[in-house]
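Given next are the chains, with one letter for each unit.
Protein chains: 6
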Amino acid sequence: MTDEPDERIVPDVRETAADIASMEVRGAATIADAAADALASQAAASTAETPAAFEAELKAAARRLYETRPTAVSLPNALRFVLWDMEGESVAALRESVVESAEGFQADLAAAQDDLGRIGANRLRDGDVVMTHCHSTDALACVKAALDQGKELSAVVKETRPRKQGHITAEQLREWGVPVTLVVDNAARRYLERVDHVLVGADSIAADGSVVNKIGTSGLAVNARDRGVPIVVAAQTIKLHPGTLTGHTVEIENRDETEVLADADRDRITDGHPGDPDFAVENPAFDVTPPRYVDAIVTERGQFPPESVVTLMRELFGTDVGEPWD
Amino acid sequence: MTDEPDERIVPDVRETAADIASMEVRGAATIADAAADALASQAAASTAETPAAFEAELKAAARRLYETRPTAVSLPNALRFVLWDMEGESVAALRESVVESAEGFQADLAAAQDDLGRIGANRLRDGDVVMTHCHSTDALACVKAALDQGKELSAVVKETRPRKQGHITAEQLREWGVPVTLVVDNAARRYLERVDHVLVGADSIAADGSVVNKIGTSGLAVNARDRGVPIVVAAQTIKLHPGTLTGHTVEIENRDETEVLADADRDRITDGHPGDPDFAVENPAFDVTPPRYVDAIVTERGQFPPESVVTLMRELFGTDVGEPWD
Amino acid sequence: MTDEPDERIVPDVRETAADIASMEVRGAATIADAAADALASQAAASTAETPAAFEAELKAAARRLYETRPTAVSLPNALRFVLWDMEGESVAALRESVVESAEGFQADLAAAQDDLGRIGANRLRDGDVVMTHCHSTDALACVKAALDQGKELSAVVKETRPRKQGHITAEQLREWGVPVTLVVDNAARRYLERVDHVLVGADSIAADGSVVNKIGTSGLAVNARDRGVPIVVAAQTIKLHPGTLTGHTVEIENRDETEVLADADRDRITDGHPGDPDFAVENPAFDVTPPRYVDAIVTERGQFPPESVVTLMRELFGTDVGEPWD
Amino acid sequence: MTDEPDERIVPDVRETAADIASMEVRGAATIADAAADALASQAAASTAETPAAFEAELKAAARRLYETRPTAVSLPNALRFVLWDMEGESVAALRESVVESAEGFQADLAAAQDDLGRIGANRLRDGDVVMTHCHSTDALACVKAALDQGKELSAVVKETRPRKQGHITAEQLREWGVPVTLVVDNAARRYLERVDHVLVGADSIAADGSVVNKIGTSGLAVNARDRGVPIVVAAQTIKLHPGTLTGHTVEIENRDETEVLADADRDRITDGHPGDPDFAVENPAFDVTPPRYVDAIVTERGQFPPESVVTLMRELFGTDVGEPWD
Amino acid sequence: MTDEPDERIVPDVRETAADIASMEVRGAATIADAAADALASQAAASTAETPAAFEAELKAAARRLYETRPTAVSLPNALRFVLWDMEGESVAALRESVVESAEGFQADLAAAQDDLGRIGANRLRDGDVVMTHCHSTDALACVKAALDQGKELSAVVKETRPRKQGHITAEQLREWGVPVTLVVDNAARRYLERVDHVLVGADSIAADGSVVNKIGTSGLAVNARDRGVPIVVAAQTIKLHPGTLTGHTVEIENRDETEVLADADRDRITDGHPGDPDFAVENPAFDVTPPRYVDAIVTERGQFPPESVVTLMRELFGTDVGEPWD
Amino acid sequence: MTDEPDERIVPDVRETAADIASMEVRGAATIADAAADALASQAAASTAETPAAFEAELKAAARRLYETRPTAVSLPNALRFVLWDMEGESVAALRESVVESAEGFQADLAAAQDDLGRIGANRLRDGDVVMTHCHSTDALACVKAALDQGKELSAVVKETRPRKQGHITAEQLREWGVPVTLVVDNAARRYLERVDHVLVGADSIAADGSVVNKIGTSGLAVNARDRGVPIVVAAQTIKLHPGTLTGHTVEIENRDETEVLADADRDRITDGHPGDPDFAVENPAFDVTPPRYVDAIVTERGQFPPESVVTLMRELFGTDVGEPWD
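Protein chains in written order, with my numbering: chain A, 1 to 326; chain B, 1001 to 1326; chain C, 2001 to 2326; chain D, 3001 to 3326; chain E, 4001 to 4326; chain F, 5001 to 5326.
Next up, chain A with everything else stripped away, as it sits in the complex (with noise of 0.2 Å):
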């Protein structure tokens, strides 16, 4: 055995990292519980001895975990989470620590959505509308609490183009009972007037406030704000994004092409010549909402206006500026 904390990382920290890299592990809150869990594991099974060398390998592991996919959002929030509340004076202390950290950020990890949902569901009342785009637990989970509350919803579900999701959201209303309209992206703002909410996921949330989400909710953001709609974001804090309270910007995947045209579809159009240098299609996954146009964002944690989100990420994962892995 070496004194390199790398070399030091145990076989959970590794397997982890290697199925989130691989995407075997995917979806925010996977992804979040399996990188605590992984942190878990290295503290358990650390050999170090003094505490300076105990710190060092966290925080390789934790390293190691960040860098197979530094873009997941949930991910560096996990580990910042547990390693910020590491404490202790002798090895066994900080072991207990982080064991317990990791444990408490799992066990909320686990209720959050049912707690996001029951605030969420507080903002509607009996017989209101809802619009939604793409298709989001946590937003639905605001729904369905709703409806517990034994309050009736109605929903128009915009169908959100390229991959259509909203069809999956019109499925799980129509289970739980939910009148749905359903319409084409194009006209969501004519249903405007006579919805109450719109309501929403995130994919990630900044420290300026504004909201990363599937593209289309800018646009459909700017309407229902022009039409006096209010525009809710239901999005649990591991949605919070770390890095961009250093001002880092999130990036924006680009998707496939065949998404949005079948290759059928492209030659007619380039007549014939598939590879015309001159004809793109662009696909953006996400794009991104000014925390103006948006009226509250819905986490487990309470209901914040956007522009305090940054409060909530500074008290949840530190104010230390700088990657605590670093």
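Rather than coming from a laboratory, the hints here were simulated on the basis of the structure. We treat Cβ as the ideally placed atom computed from N, Cα and C, and that holds for glycine. Where hints are given, some of them may not hold.
Which chain C residues face chain B? A few, computed with CB under 10 Å, are given here [claimed, not checked]:
1) A2045
2) G2120
3) D2295
4) A2296
5) R2301
Once you have looked at the hints, place chains B, C, D, E and F on chain A.
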């Protein structure tokens, strides 16, 4: 033969009316041309013996034509234009005035798209990027004329669900050598940053300056204004809706739901109960953009701020309140 | 008899002028009708021997009428309309033209409110909710015509302090069977969510498109725009203020403070010193709504965006800068 | 005596609960003071033998008090504040902590309005004109403190229908020597041009930054923003509504219609049929102003942008989601 | 002599064209006057024998004049106005019509600034504060006329970099006894609070209602709208740009960089390498203010909302699309 | 020696106070550093015998320093920070705490600009164009750090009248190899179309989220928002103004008029009467940008929406209302 004007309507008018009703004659310009032609036939074939009888006949013919498809905006336009100019103190003079007026209208119509294109092209600068919505030959005429003026343009083309007419636009633009980026409608706001003009057509334009166009136009216009991008509507004057001078609103057609959702998808969402009474697909064909979100309306008679189009309407079709065939 | 035109003014004109000055003749339409009548009397009774003398007489009569109450918007309107049409090469022809012009104006005036009502009614759909401010017979004519068209409407009626003319509106609407919800002016914004149109009248309309109407209109319009509710102004063309063509602003009358505050209340507030020099009650009768907060102005000549009303004013009253009686 | 916490509630708590329920104890500060006092009594008189039993008793007492009037915002505030600080490992320590916490809360409460006034006064400059809505002792405290700082102010006072509490404000301001201009609510926008600050109180403030205040506040705030006049809300922290942290919305009371309309007026409008089922008077007491129309909320703890008030709420009442008495 | 119209252009026209080209004749009004004069000379001196030949000659003369400086807005205006009125069935009648039309245009031109001033002055009230940008004799004519009406005004004068024409404005205003506060352009927003009108001139005005004026106007107008201050543009009708009727955009001149930066400063910034290819000074002379930021355009023909100016343009210069000299 | 704390102030404090008063010590960071140093000297040299006496001495020293230049925002900041942390039960412990706290503050200060620069740089993307106003080393630190990250940037630099500090900015950027386009302030709006970020510094930042910065910032920010360009303020936390927590407004200095206008120019404008009482030059150094026009404030502690800066202020300087030296 009888004195009842309705019974003196000539076969040409009857046939044209039938063709418009059956949609054998369709398209704004084609309908307008046929209606003017029919009125000229009525005038030519009229056996009226007094000016009053002649006028009654023409009005009856106009009414017959109008009632076949009162929502087709170019139809009352053509009728108003021809009838408004009917002037003369004898049957012969009246006949000549109607025939001339119809021919003038038809000649203007034939030249209108090219004239409009040249005017719209003058707004575009070399190197500009235009964003299109749906497929509008009036809007494309502006691009074509700009290319003919030697300007280089590129385009961001919205696919325009549900019918994806953006594909036709993209195909046409590629044929003309214009570089095209195709995006889903949801992505439009994200691309506005790199766009110099939003350029769309119109289904009809109202006296209060609002623009009725393919569903999605209003939401795009609100975002374009928010991002500081000018929005230009290209529309021949046959799109000006005379009924709106007297406050009538333009009826928005709801099209078949299968344009939005295949039957199989519907079954899946409603869990195999396709008759689910609480599941609706709504598919409005058009929406209404208020004038405050439009920078200019380009017609073959020049460009206008939307708030001034009412003046053009009164200039073209008279300031008399009420339908000229009543 | 003298050559001074002022001394040739006929008794009818003198009497009408006195009646307007003493407010025995009042109300926009009544004043306009009386003024046209008086000019016709002057024309009929004129003993002028040359066209120039006739014209000078008519202008003198118009000036005399105008100066009795220059702030009554319909008065210069009637005068301008009648004089603008004065044409002819002999005294007889001029006389005939003035009499005809006056009669035409009076006939139009008699029909205007009904015509306006039918046009405004076309903007209303079955089931719509309108919000009213103050009591305007032009606005109510739109409601009445819509009811006559078979539409069902309901209304949110603002009480309209200080004089609570909303009560008259409510009474009228109940008589017609329209369900009414009466609210204080402060509650208006809260009810805009359920309202489809704000529908108000006008005291006068300026060439720059601004609307002078009962105090509170502008604040309501700003809120209606913010909530996405269209605001419609119903106003006969006699409300178009010709002086504003040349930049004149409409004077806003300050009414008696006892409309706002009973003397006893005043004494209490000023602690028994009713002459408290630092306690003022201000009671402006009207305010000014800029055109950007108004969606349409409905007149008997059709509907117009407020920015186009100047064109209608020039069409009705001439494009000559300056007063026609000078 | 039993072990059921509910049955161990002391008479002082029962009496206070009854007084709050019967509205013998009313007013935000008075209720908060009484509730803190009652919890201190419960703590002092408790015969609980274990810390757990003590805590259960206190929670039961809090719940009892809370349920008497759950919409009175200062009540849960007082309870949360006192319970949140409850800490200790023995019954004696817990008792002491509750009594101290209650006393601390009461002392802060007593000083709050003066502290708030001094802070709000700092925003006002010598010579400024403030516009007031309704009657708020918190808002007036800012004016008073500014006068005490030697600044000269004047005021435009809205009468504030339906109850005209503006008269009380005007009376108070005149007593302090502040020149007053009294206007009807409809005239507010017209006077904003000469006003430097809109200064209002609050009934309660929500975690999403919205301000619940006397009906008419939101419409005034929208106009103030449109005219570039800053709007300041003066509100002690007992107005911060803890339930809104978890998404609850503030219920808006509808008050008696006779505040709006005398019975005689009602009869006249409904033509002698006072039971007219289609004639309603609605009289909501409050409305909701979104944070984007408010420039600052002034509390005794400093001034805050409305979007940051959630942070103050969490600082004062804890970050735990859920009611502390559950 | 030949039949080629170009060769029949008279010396007066040739000289005027040369003077305009060499900028010996400059200034919007001077150019317009000279162009009308030249056309009248052509008409007077024409030896054309047929009406067609006469018209061809006049068009050739107009084209020759136009091409000397196609961006000078008043030049095509003058030409259009004179040619548009050319009417007659004989050469003599045509000649007379052109000469009369030119004389009428010249007479109107001579009176225009005074007429405009009186109209603009009517918008100003006694005691008002105006903010000026650059130096505009049309804007100053409004101030002068208001002073002549006995009103007292004061002014906030922006210095207007780069050429500081604000100094000329300040000097003129002081000569008239108007109190002046001079500020840098950066300070404008801070002073808008105490300003009643922003009053500027125009270089040219487009058919879509946008105003081309000295660089800085658009930024000022956006701030004036944000602060609720009306912005008035004073511009004679020779500033209406006829080319914009057909979509042409107004070319914005870039002036010499030494107006912005002395050579010595440039050297210092680029560290003694004055040819630094990555250091540019840009100095656009004008910018474009969209109509939504302008409250009124004051001309000698009355005041207009910017959205209605297109109607005035068509009234003055004809509704025919295309250049009258083609 | 006396017991009066004021008389126990040590020479170091007295000298530093004198240097700040005479502006020998100037610049936000330099003043803050000197003030912290002076408090540490006071603590080190104190001969106080009780903790209470020690605290009184330190407060007296702080007050002395503060009163020399109460408008220098970094001065009270430094004092608050050092005093807020003063903790200990003996004089020795208190002394140590003050010395440590001062050293910690000084160390943070030394690192702050670099830290801030790295955070701000993260918001910038390769190829971005930034627009600058005035000369801010904090803003430039963001550019420098982005260049160090290997990004290529270019800049549009406003000259920033009256003192043209834009020249210094341009010089610095050229030294770093950044391509620069220099424009007059009036041209800013025209260039916003090609700009990705407006990047400015701050003189001070208030608790209500408003930004006090070089005159012209607010007008620029309003235009940037209108054109959809994000505006970023770079400001170390010593720019956060603690007095604003209690509602104090930041005083705006008026600088000498000769910065705006040379004496010769003044004489010319006032026609040789330089004492013209009605000619004023006003030269405010700063203006106030409301938070709704700012997208992010970048500090060395991370980036924040302006509405959340109050939370950072309370975190850094305590939540106690009132000055810590009173």
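Comparing the hints with the structure gives:
Hint status for A2045/C: violated, given a least beta-carbon distance of 33 Å to chain B, over 10 Å. With its C-beta approaching chain B no nearer than about 6 Å, G2120/C sits inside the 10 Å limit, and its interface hint holds. Taken as an interface hint, D2295/C checks out: its beta carbon lies about 6 Å from the nearest beta carbon of chain B, inside 10 Å. With 10 Å as the threshold, the beta carbon of A2296/C comes within range of chain B, its nearest partner Cβ sitting at about 4 Å, so the hint holds.
At about 6 Å, the closest approach between the beta carbon of R2301/C and any beta carbon in chain B falls short of 10 Å, and the interface hint on this residue holds.
Hint compliance for this structure: hint 1 alone is broken.
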